[in-house]
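We have chain L already, so just place chain V on it with the hints.
Protein chains: 2
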Amino acid sequence: MSTRKQSLSGFPELLPAERAAEQELQQALESTFRLWGFSSIETRAVEPLPVLAKGGEIEKELYAVARYGSAAPAELGLRFDLTVPLARYVLENASRLEFPFRRYQAQPVWRGERPQEGRYRQFTQVDVDVVGKETLPFSQELDVVRTMRAALASAASLPPMRFELSNRKLLEGYYEGLGISDPVPVLRAVDKLDKLPRAAIEALLFDLGLTPSQTSSVLALASVEGDSQAIRSGVRALGVATPRMEEGLEELLAMLEACAADNDRGRVRGNLRIARGLDYYTGTVVEVFMEGFPGLGAVGGGGRYDALAADGRTTYPGMGLSFGLSRALYALLAAGALSLRGQSPAQVLVSVLSEETRRDSEAVARTLRARGIPCEVMPTAEKFGRQIRFADRRGIPFVWFGEVEGEVKDIRSGKQQSASASTWTPELS
Amino acid sequence: MSTRKQSLSGFPELLPAERAAEQELQQALESTFRLWGFSSIETRAVEPLPVLAKGGEIEKELYAVARYGSAAPAELGLRFDLTVPLARYVLENASRLEFPFRRYQAQPVWRGERPQEGRYRQFTQVDVDVVGKETLPFSQELDVVRTMRAALASAASLPPMRFELSNRKLLEGYYEGLGISDPVPVLRAVDKLDKLPRAAIEALLFDLGLTPSQTSSVLALASVEGDSQAIRSGVRALGVATPRMEEGLEELLAMLEACAADNDRGRVRGNLRIARGLDYYTGTVVEVFMEGFPGLGAVGGGGRYDALAADGRTTYPGMGLSFGLSRALYALLAAGALSLRGQSPAQVLVSVLSEETRRDSEAVARTLRARGIPCEVMPTAEKFGRQIRFADRRGIPFVWFGEVEGEVKDIRSGKQQSASASTWTPELS
Chain L
5 MSTRKQSLSG FPELLPAERA AEQELQQALE STFRLWGFSS IETRAVEPLP
55 VLAKGGEIEK ELYAVARYGS AAPAELGLRF DLTVPLARYV LENASRLEFP
105 FRRYQAQPVW RGERPQEGRY RQFTQVDVDV VGKETLPFSQ ELDVVRTMRA
155 ALASAASLPP MRFELSNRKL LEGYYEGLGI SDPVPVLRAV DKLDKLPRAA
205 IEALLFDLGL TPSQTSSVLA LASVEGDSQA IRSGVRALGV ATPRMEEGLE
255 ELLAMLEACA ADNDRGRVRG NLRIARGLDY YTGTVVEVFM EGFPGLGAVG
305 GGGRYDALAA DGRTTYPGMG LSFGLSRALY ALLAAGALSL RGQSPAQVLV
355 SVLSEETRRD SEAVARTLRA RGIPCEVMPT AEKFGRQIRF ADRRGIPFVW
405 FGEVEGEVKD IRSGKQQSAS ASTWTPELS
Chain V
5 MSTRKQSLSG FPELLPAERA AEQELQQALE STFRLWGFSS IETRAVEPLP
55 VLAKGGEIEK ELYAVARYGS AAPAELGLRF DLTVPLARYV LENASRLEFP
105 FRRYQAQPVW RGERPQEGRY RQFTQVDVDV VGKETLPFSQ ELDVVRTMRA
155 ALASAASLPP MRFELSNRKL LEGYYEGLGI SDPVPVLRAV DKLDKLPRAA
205 IEALLFDLGL TPSQTSSVLA LASVEGDSQA IRSGVRALGV ATPRMEEGLE
255 ELLAMLEACA ADNDRGRVRG NLRIARGLDY YTGTVVEVFM EGFPGLGAVG
305 GGGRYDALAA DGRTTYPGMG LSFGLSRALY ALLAAGALSL RGQSPAQVLV
355 SVLSEETRRD SEAVARTLRA RGIPCEVMPT AEKFGRQIRF ADRRGIPFVW
405 FGEVEGEVKD IRSGKQQSAS ASTWTPELS
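Protein chains in written order, with the numbering used here: chain L, 5 to 433; chain V, 5 to 433.
Please note: incorrect hints may appear among the correct ones.
Because identical chains cannot be distinguished in the list, a pair is counted as satisfied if it fits within a single copy or across any two copies.
[As the list claims (entries may be wrong)] Below, a list of computed lysine to aspartate or glutamate pairs in the DMTMM-like style, where the Cα atoms sit at most 20 Å apart: (1) 419 x 431; (2) 137 x 386; (3) 387 x 102; (4) 137 x 396; (5) 199 x 386; (6) 196 x 186; (7) 387 x 359.
Simulated from the structure, these hints should not be mistaken for laboratory data.
The shape of chain L in the complex, shown without the other chains (with noise of 0.2 Å):
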């Protein structure tokens, strides 16, 4: 995929084979989603531009959306994320949801970026999220990790996930028993630990004006990582507690059990380094990593939001995941760590032996369909070493000869049986 030359850079699009793979890994994903009783929406693919502007300032990367050859300026942009339509949604249709509002959305968005590697202007997230109203149990909250683990974990495709994950309330509510007033600047310093090394970060919490202490205070916490056991010694050890910090803990060490107690694929581990420092998260906060891709950085993430969405009236407190799965299929496109199949999805190739026959090839074609058996039928009478070639070609890994009751031949081993479209049943491999 990657090697690939495409027509317009950052809009990679996939062959055949290749969105097969994607197909089957959103189907595991969605139908996990489903048995955790969580809803599928979909949202248009535009907004209005104020809509799309976070705090008031709109970002450069948004594709504006307007009639071609008005003159009017545009009014609509195409969506960076599948969170600001959600909170939008959710406004619209208060009165027709119940709550808490459980639901999965699996859709493409887009940002006018610079295409690098891992970059795209087009990629599709699949995001689920709870909405509560006025209020939002931690129950729900939790379920949030634990069903994003279980989806991925359910996706045969996919290498184990690592979940890691930090609290808000328990950074800022330390940073607070340091002495420091305002918490989002040292948050935002302590995200880029992965990127920068530490004495940039040093130095950017003395610009902020930390005393040396709290600096070292401040990277003491960023260190503490590990399973429950391991984070609780952690930041006891560091000696500072607020009730704010104690609430943040006992949130993560609750999550942390939990998932450990689930026992899914992949590793679930606090990390107090994640800060997520750029958006408006107020207290749980997850990254999720793919093992075995060091270097491809996080392809998930979320967080709870105290205020999701409000109308100045009701507000609505929101928990949720978004997984990167155009970022995660590319990487593992790319790195050939996929089996894909032919660019056919049938299994049986119905061979013709002549055009006056057409009508027995169809008629095997019919008998295996009813038995969900995915077939095509060969397009002309050709030599039936043309035919296997045919089906060869396409990855269709079985050629039936003759009718209803004839013979099938797997082209692979080249073992060739009697059967019964009636009773047999492919084996594949």
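Chain V only, in chain L's frame:
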């Protein structure tokens, strides 16, 4: 759906229960397409504006896409159908595809039309096409019609569909036999027979220079309709015969007979009023109508292109049918013709006696989910009456009480029984 005020006119969004119906419909179609050996592809939402220009002219209803705040003129537009992107995709990937290339595609398209009854600015199309390289055997052309018919018949929520078939070679060959030198404007006039009174069509044909006798012969052909017998005798009775017309007639009769033999739900008939005059079809043309919705117009259509795509060296003929998923679904929703479930996909709400026993409830949910039964766990411990009402509002039919060996209540009948989460299966109505 249709009665709800939407915040952006022409961009309807569905509530979760409506979306579930859409998903079920789409999944039924896609699963049948795969049974017939069609691969899924998706294309990016945008195309370069010149690709979207039809015959050199850019359509007025196009949406242009540009980086927000950029002074440069827009270079991209949102796709208005799935055929133009398919042709571009085939040319771009010709060396990596096997032909005939059988693909389906279910994606939204955008048209900046003035919103009115039944017109949307974003809507989902589901297209099935076969693309050949230089040649496309008739067997493949036939397969497209049969596949779409089987797919629509497989979707339980759709009413029976009526496929109306015609053939451009038949119509144009007949016009040639009448001595009409330029058949395309005649086709365009005939195409309006369902919208304008007969006298208006006669006036259009007169303006094109047709004699009264030619006009009456053109309208006589347009009134031929019915099964293959009716088409054969109706056409023969007109006493015109040219080689091109014969070829078209044979194709049409073969298609009608093959579809009749398939015996799928819904009707397939010939209708020589179908011309699809505005597109560059060169053989079979099809329109699809939803029985019981006479005012809706066609919900699908398509036909054969001798040159779906061409790159100067190679020509790619194609045959495709497009189904207006949104168009059909919104009409069914507006008519109240779908039985919608509740907001939640869960079949069971696992009640929670107290926060202390939440883990027992989670164990019940884990056991049910492992068996493929979707469920939710009550977010907060409350009185059982409130938990039952919670399930009811979300459309969840069963409430589980106690542990894995517990009791389950069908809240529709009120019946409660002992059950094991390891063996019990919900009876859904």
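Should residue 199 paired with residue 386 be assigned to within, between, both, or neither, using CA atoms and 20 Å as the limit? neither (61 Å within a copy, 47 Å between copies)
Between residue 137 and residue 386, at a C-alpha cutoff of 20 Å, which is it: within one copy, between copies, both, or neither? between (66 Å within a copy, 17 Å between copies)
Alpha-carbon proximity between residue 196 and residue 186, which holds within one copy, between copies, both or neither at 20 Å: Close inside one copy (18 Å), not across copies (70 Å); limit 20 Å.
With 20 Å as the alpha-carbon cut-off, assign the pair residue 387 and residue 359 to within, between, both or neither. For residue 387 and residue 359, only the intra-copy Cα distance (12 Å) is at most 20 Å; the inter-copy one is 71 Å.
If the cutoff is 20 Å on CA atoms, where do residue 387 and residue 102 land: within, between, both or neither? Let me know, please. So residue 387 and residue 102 pass the 20 Å test across copies only (18 Å; inside, 62 Å).
Is it within, between, both or neither when you check residue 419 against residue 431 at 20 Å Cα-Cα? within (12 Å within a copy, 44 Å between copies)
Tell me, please, which holds for residue 137 and residue 396 at an alpha-carbon limit of 20 Å: within, between, both or neither? between (56 Å within a copy, 18 Å between copies)
Of the numbered hints stated above, the single one contradicted by the structure is hint 5.
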